[in-house]
Amino acid sequence: MVEAIAFYLFAFLTVAMFTITVMSKNALYAMSALAAGMIFISAFFFLLDADFLGVVQIIVYSGAVMAVYAFGMMFLDTTKDVKEKNPSKKIVFFLSGMVALLLVLIVLSPIVSDKVQALYPISHDIGNAEAVGIVLFTKYLVPFEVAAIMLLVAMIAGIILASKRMDESITLKIDQEIERSKKEQQ
Amino acid sequence: MITLTHYLVLAALLFCIALVGIMRRKNLLMLFFATEIALNAVNIAFAAISKYYGDLTGQLFAFFIIAVAASEVAVGLGLLIIWYKRRGNIDLDSLQSMKG
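Residue numbers (our numbering), protein chains in the order written: chain A, 7 to 192; chain B, 324 to 423.
Please note that a few of the clues may not be correct.
Unchecked claim - Using C-beta positions, here's what the derived DEER-type ranges look like:
#1 B/D414 with A/V8: 40 to 50 Å
#2 B/N412 with A/A163: 41 to 51 Å
#3 B/L418 with A/K145: 34 to 44 Å
#4 A/S129 with B/N412: 47 to 57 Å
#5 A/I97 with B/L327: 30 to 40 Å
#6 A/M79 with B/S420: 37 to 47 Å
#7 B/L327 with A/L34: 52 to 62 Å
#8 A/M7 with B/E395: 20 to 30 Å
#9 B/S417 with A/E9: 42 to 52 Å
Note that these hints are calculated values from the structure, not bench results.
Quick caveat, the model's predicted, so the values are computed rather than measured.
Where is the CB? At the ideal position from N, CA and C, for every residue including glycine.
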């Protein structure tokens with residue numbers, strides 16, 4: 007009973023927050039709603055006995071990803087409303103509505119794979135974090151290391167991309183003006 | 324009683340909200356937000372399947388998706404800042420330099 011109440015409450019909150027994210031004209035409101043939605047999603051992970059995943063969701067998404075977005079928005083002008091011209095709203099809502107219907111039908115249809123054998127059964131003797139660690143560092147060790155290298159590459163790429171000509175273009179000059187000012191200095 | 328179907332329908336719903344965002348947004352930053360929603364919807368489905376089939380693999384895939392999303396944000400935002408420095412806006416329509 008408590009599970010049902012929690013599920014419907016958080017489902018409503020998540021859908022509401024993400025609808026605000028998608029529909030809002032203000033970038034700041036959209037980002038705040040996205041951060042709230044991320045935290046509400048972690049509630050589902052706690053409901054599903056995936057405690058470690060829920061903690062990681064809060065730390066990585068609400069902590070790291072949202073902080074990166076907030077820093078990125080300092081570079082961009084977010085105070086004014088986002089101007090978007092949408093030639094056909096009907097097509098957008100029709101297409102996504104159809105996809106939604108199709109997805110729900112697929113999900114509701116009887117699942118054929120009822121005889122799925124669990125490769126790594128969840129044991130209740132040890133905690134979730136411990137179980138995840140055991141599987142992650144035995145079977146998924148190579149993907150784990152590859153993911154680590156991918157994060158390193160992404161970090162270096164992010165630093166290099168964002169810091170390119172950072173000393174010059176605080177005033178957001180376009181390239182030609184930067185080149186011109188360089189020549190004038192010489 | 325909450326079953327697997329509940330969670331899967333919720334994940335499908337969130338995915339379609341993200342789809343609406345991807346199709347109607349012209350601002351690139353808002354497009355990134357919509358892709359984050361889509362990745363999170365898939366994560367919910369993975370965690371739910373992991374619980375109801377009693378298999379930890381779903382949770383591990385969700386971890387890798389979170390890692391991919393984090394690196395996507397780092398690189399994507401760097402590119403976005405460069406684009407904004409060049410053009411002064413991050414409108415999707417201004418991205419088309421090759422008129423086909």
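Here is what the structure says about each hint:
{"no.": "1", "hint": "B/D414 with A/V8: 40 to 50 Å", "verdict": "holds (47 Å)"}
{"no.": "2", "hint": "B/N412 with A/A163: 41 to 51 Å", "verdict": "violated (23 Å)"}
{"no.": "3", "hint": "B/L418 with A/K145: 34 to 44 Å", "verdict": "holds (41 Å)"}
{"no.": "4", "hint": "A/S129 with B/N412: 47 to 57 Å", "verdict": "holds (54 Å)"}
{"no.": "5", "hint": "A/I97 with B/L327: 30 to 40 Å", "verdict": "holds (33 Å)"}
{"no.": "6", "hint": "A/M79 with B/S420: 37 to 47 Å", "verdict": "violated (25 Å)"}
{"no.": "7", "hint": "B/L327 with A/L34: 52 to 62 Å", "verdict": "violated (37 Å)"}
{"no.": "8", "hint": "A/M7 with B/E395: 20 to 30 Å", "verdict": "violated (39 Å)"}
{"no.": "9", "hint": "B/S417 with A/E9: 42 to 52 Å", "verdict": "holds (48 Å)"}
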